Amino acid sequence: MTTVAHDLGISIDEDNKECQNAKENAKAITSKIKDTLKFKEEQLPLQGEIWKKLGKIEKEECRLRKAGHKNIQMYKGELAEQKMELRKQQSSYEMSEAMSCFISALSSSTLERSFFLKWMRMNLDNISRKKLSGLRELYKVKCQESSEKKEEIAILDRQISNSALGTEHFLREMGQLYEAAFSLPENLQSRQQMLHLPKLCAELLLQGFPLELVDGDASNIPLRWISDVLKELNTLVQTKNKIMVVTVLGVQSTGKSTLLNTMFGVQFAVSSGRCTRGAFMLMIKITDSFREVLNCDHLVIIDTEGLKSPELAKLDDSYEHDNELATLVVGLSDITIINIAMENSTEMKDILQIVVHAFLRMKEVGKKPMCAFVHQNVADVSAHDKNMRDRKLLLEQLNEMTEAAAKMENKEMYKKFTDVMEYNPETGNWYIPGLWHGNPPMAPVNAGYSEAVYDFKKNIMNIPVNKKISTNNIEEFLEWTKSLWNAVKYENFIFSFRNSLVADAYMKLCTEFYKWEWSFKKDMYKWLTSAETRVSNFEIMKSKSDKTNLQDLLRTLKVEASSELDKWEKAILENLNKYFEQTEGHVYLVEKYKEDFVNSAKSLRRETENSVLNKLEAVIEIRTGKNNLDNIKKTHTDRMEKKVLKLLEELRKNSCSESMSEEQLDKVFESMWQETLEELSFKGLRRQIISDSVFNQLRMNMKQKGSSVSQNLNEVNLDQFGKEKFVLKGENLLKKFFNFVFKLDETQRLQEMADSVIDTCLQSINDKKDGKSDYHDTYIQEILHIIDTKLISLKKVKFSADFELSLKLHICAISAREFQAMHDSFIEQNDPRRCLEQFKEKYCADFKDLFSDRDQCQRKAEEFAKLCLSPAVEIFICNSLGLDITDTMLQGENAFQFSTRSFFQYSILTQLLEDNNFENYVEYIRSYERFVKEWILKQIEERFSKGNKLFELEVQHLKGITLEIKDAIRKAQQETDENESIKGFIQNICRELGKTLVIPNDALEAVMVLNNAKREQFAHWLTQSVEEMEKALKTKFKKFDIHNKLKTLKIKPQDELFKRVFGCGKQCPFCKAPCEAGGEAHTYHSASVHRPQGLGLYRYERSEKLVTNICSTDVNTETMFRCLETKHEYHPYKKYREIFPDWHIPADPSIEASDYWKYVMAKFNDRFAEVYTAKSADIPPMWKKITKQEAEKSLKECFSIK
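Mapping to UniProt numbering: the sequence shown position 931 is 931, numbers consecutive.
For the record, the hints were derived by calculation from the structure and aren't laboratory data.
On a predicted model such as this, the values are computed, not experimentally measured, just so you know.
Glycine is no exception: its CB is placed at the ideal position from the N, C-alpha and C atoms.
Just so you know, not all the hints are guaranteed correct.
[To be verified] Pairwise CB distance ranges, derived in the manner of DEER restraints:
no., residue 1, residue 2, range
1, D566, E841, 15 to 25 Å
2, S107, N410, 33 to 43 Å
3, S563, E1170, 30 to 40 Å
4, E942, E292, 42 to 52 Å
5, E49, K285, 54 to 64 Å
6, E942, E49, 34 to 44 Å
[To be verified] Keeping only pairs whose Cα atoms sit at most 27 Å apart, straight-line, the calculated DSSO-like set for lysine-lysine is:
no., residue 1, residue 2
7, K946, K83
8, K17, K38
9, K683, K368
10, K615, K52
11, K66, K995
12, K567, K547
13, K1184, K56
14, K949, K626
15, K634, K515
16, K59, K594
17, K634, K938
18, K407, K646
19, K240, K59
20, K938, K949
21, K578, K842
22, K1036, K772
23, K521, K634
24, K59, K840
25, K646, K526
26, K542, K1184
27, K683, K772
28, K349, K285
29, K848, K946
30, K38, K66
31, K646, K482
32, K1059, K790
33, K567, K521
34, K983, K866
35, K642, K866
36, K1059, K594
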């Protein structure tokens, strides 16, 4: 043809210099192919047996089927060594001549490269066609001769498969060259020479050439190669990196590639009788006008090998291979096309099971691809109604397959296909006629095929528009590829799946939820403080005509609290709904957790309501007693005021006002004071025996525990307990104790729990004591609730009722003594005689002023500011500071640490690694709760020890409340009648401040008696005194450090942060890793990184050596465990959820996943053994090679830290 064209003077592109160069380059490679098999072995050696062995080892690392009785960690180390050896073998090969020419040709200009690949494809197709036609003819003859020649037929089968040679084999070799080079040290030249290869391949992708995603021959993905190609691709497209993925699945030779080629005008290989092996991806750029409509920049098309292919059908793991492929491509796709040929209903049933299985897995991990069923070779595509019976039959089969797949995955709640997928039989099926009229090659093309495909394409492209599909960018697509492939390598996909996009989406949800939760808590703390202030100022705020009492106020406050709680619960639930309505941020991936967070919001409301109502009850009851006491003290104050005034009157009558000296006045006043004290009856609060109240509460708490407990309670005296450290005794530890091979020291387990609950209770007791209030029964009820909550968490450990009683007696005895001291201190502080005598000097000064007619304005103003306003302001700031410090810790440099429980764990573990302190590790593992509390306290102290942050917060509140006081003085001046006494003026000031400040009543009464100050002058001096008070408080605040300040705060920021990040407090039943799940009402407990079980006190009974097994590995093995929860009978790790149904322990995503704890155990092996009174573990050799940097890197990967 070219000769004829030249004769006619027609210009042709073959004469193009680039085309001729490309032709020569292609010929230089393909001309040397005499024997395809031999050429592949010599020129493309890296994709042969070594690569296939590597793939098998990677799967064995996950499945551990051949471990037998070997130590699992030792066996994994052996597999890692084998992988390294195979990579060394790959690296030992020099780059072949053919590959050198191929890479050189690809490195040429864009046009020449395109010509080169076209010539390569044509030449290789010609070679394959000649080779394959002969083999197929021989195969046909052998099959017709005898069906007994199975071995010969199998050999021919393999030869046919191996004789295929295309450009994909050369690109596959490029990938293996790159992977092998990457296993070499960074500074080697042979590694550096390969670094440009991913960019070459990325450029090919952009030009429309397919990239092999899954190697069909090795059933493996070269993850390093694919990752770096996609990263280069992301760099090339820059911001235009959003992609929508369309995938086709179906039986072999049903026209999947032809369908994609026709739909999108692409060129997946369909010639030379070769079938697609593995999976190939191809990119199509979206025009600017369609970008916003489709919400993507590129369309990614994935073509796959046929499911149930004859080459694989004879293999034992063919179903597994198909399942892996289907799961991967369905997981990667936004739209999945299921291609069904109508001729073979048996094969259709087989692939439906595989496809449905893949969809079910995606449903469980949060991915929701759309699907469409394409029925090819349909005779009458217009007869939609005629195919109704077929659609009904298809739906029945889909339902049947769903049930079968659900049983295999232990997800039997799924009964119908529509439980798994959004599917409508009427709109989800498309009928396409055959491509040919009759039998090819002589048959004409059917024009109806293209028309039907075009209609189908239009419908498919409308799906993302109508459904508002959230598309991924290239980096996210890569992450899905990694996580899906890692998960399919395990036998249990659903429980092995880990994906950083899911983790990121979950972390974002947790972060948002914790923000809403903190806003809710903060508002309720402020409301409760305001309510307590209203209770304390009830008598001051009440007008004379108001007949309500404290019980009326309690009822009002309960209604208000309920309304406030309703408002916040509704706000959180609305925020949740709005959050899940988003289309960005991969919210759909965490849809299954929505119910957990809804339940957490409701649980938060319930817990807060119980706490608020209990506190209101207590504060009202204590205030009622205090009011009675205040009435007694006021009687004494009034009596003393009358006595002083009577004394003044007598002295004036006797004309002594000029002749008496200071000493004489003091003597007269002292005589009157003593006389009055003798006349007064000082009846204060009645002293309670707190131990009796505590014991009654304990008896009520334990009344359901049986008659023996009641009998024991009758025989004990609370005073005998709580004087020494609580130590478990063997006889009251457990109902029955066993020794077992995989043994956890249960004594230690219960002792640590007891120590933890004692610590928590002591902190609660100290908090109550710091409040300097009177005792109330709700205090001991709260303590008993803390103990019960902790004991419930050990419900499967069958400890005796005697153990529970001894622990409660110990804590209640300590509580009784501490609360008795608190109660006695409260009585002493509020003793009427003491309260009167503490103001004796002030009474004397007032008496002298009145006797001498001195102006009292300045002194009374100073007293009011110093004795009343200053302590009230300090309490106000103290009450506000806890929330401010917590807010500060949740922002700025500490925001990351406290944003979620997972990030908090990461922060702690990173700090431990940095500090390299063995004692800290032991404390973290054995006394986790105490360690966390101390760590948080240390973080707060470090943050507020720098600069003047604490002082600034205090001054900020001080300025605000000072302005409020000055404003109250001005308002009181306006509202007080001219005839009203100075006492009325002061009361008006107090009313103005009554919603903010709690002014001490004793001091207030003392200031108001014997006060003849003039209102205007008093107001003037009071304003000046308030300014002096502000200066004095600033000076005082500067002297306090954060450590001492934290002790005085009503709301402890360390406690608030602890509640936020500690979560449910549950620990992995095997290794004691803490749960990090978000919300309080999560369905399953989970941890990002698990530890060697020896660190959780597991040891072998015979050898007493610490155990190196890691539970996230064991859950995928045949190994067994036994413990108290299994009644000491062996149970397979694979079925751990039968024993611990509320724990989710996914398999490690990689062999490096637990490197952090492997590094720690290897480094401190002997010291852990010494502390745990065990023998050192047999550390796998690979663990000893892990560096600190690798440990830190594995930590980042486990917690998805970018």
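Do the hints match the structure? See the list:
{"no.": "1", "hint": "D566 with E841: 15 to 25 Å", "result": "52 Å, violated"}
{"no.": "2", "hint": "S107 with N410: 33 to 43 Å", "result": "51 Å, violated"}
{"no.": "3", "hint": "S563 with E1170: 30 to 40 Å", "result": "59 Å, violated"}
{"no.": "4", "hint": "E942 with E292: 42 to 52 Å", "result": "49 Å, holds"}
{"no.": "5", "hint": "E49 with K285: 54 to 64 Å", "result": "39 Å, violated"}
{"no.": "6", "hint": "E942 with E49: 34 to 44 Å", "result": "58 Å, violated"}
{"no.": "7", "hint": "K946 with K83", "result": "51 Å, violated"}
{"no.": "8", "hint": "K17 with K38", "result": "33 Å, violated"}
{"no.": "9", "hint": "K683 with K368", "result": "75 Å, violated"}
{"no.": "10", "hint": "K615 with K52", "result": "68 Å, violated"}
{"no.": "11", "hint": "K66 with K995", "result": "73 Å, violated"}
{"no.": "12", "hint": "K567 with K547", "result": "30 Å, violated"}
{"no.": "13", "hint": "K1184 with K56", "result": "26 Å, holds"}
{"no.": "14", "hint": "K949 with K626", "result": "37 Å, violated"}
{"no.": "15", "hint": "K634 with K515", "result": "47 Å, violated"}
{"no.": "16", "hint": "K59 with K594", "result": "34 Å, violated"}
{"no.": "17", "hint": "K634 with K938", "result": "46 Å, violated"}
{"no.": "18", "hint": "K407 with K646", "result": "96 Å, violated"}
{"no.": "19", "hint": "K240 with K59", "result": "35 Å, violated"}
{"no.": "20", "hint": "K938 with K949", "result": "16 Å, holds"}
{"no.": "21", "hint": "K578 with K842", "result": "62 Å, violated"}
{"no.": "22", "hint": "K1036 with K772", "result": "21 Å, holds"}
{"no.": "23", "hint": "K521 with K634", "result": "38 Å, violated"}
{"no.": "24", "hint": "K59 with K840", "result": "87 Å, violated"}
{"no.": "25", "hint": "K646 with K526", "result": "47 Å, violated"}
{"no.": "26", "hint": "K542 with K1184", "result": "75 Å, violated"}
{"no.": "27", "hint": "K683 with K772", "result": "21 Å, holds"}
{"no.": "28", "hint": "K349 with K285", "result": "36 Å, violated"}
{"no.": "29", "hint": "K848 with K946", "result": "50 Å, violated"}
{"no.": "30", "hint": "K38 with K66", "result": "33 Å, violated"}
{"no.": "31", "hint": "K646 with K482", "result": "94 Å, violated"}
{"no.": "32", "hint": "K1059 with K790", "result": "15 Å, holds"}
{"no.": "33", "hint": "K567 with K521", "result": "12 Å, holds"}
{"no.": "34", "hint": "K983 with K866", "result": "17 Å, holds"}
{"no.": "35", "hint": "K642 with K866", "result": "25 Å, holds"}
{"no.": "36", "hint": "K1059 with K594", "result": "21 Å, holds"}
When each numbered hint is compared with the structure, violations occur for hints 1, 2, 3, 5, 6, 7, 8, 9, 10, 11, 12, 14, 15, 16, 17, 18, 19, 21, 23, 24, 25, 26, 28, 29, 30, 31.
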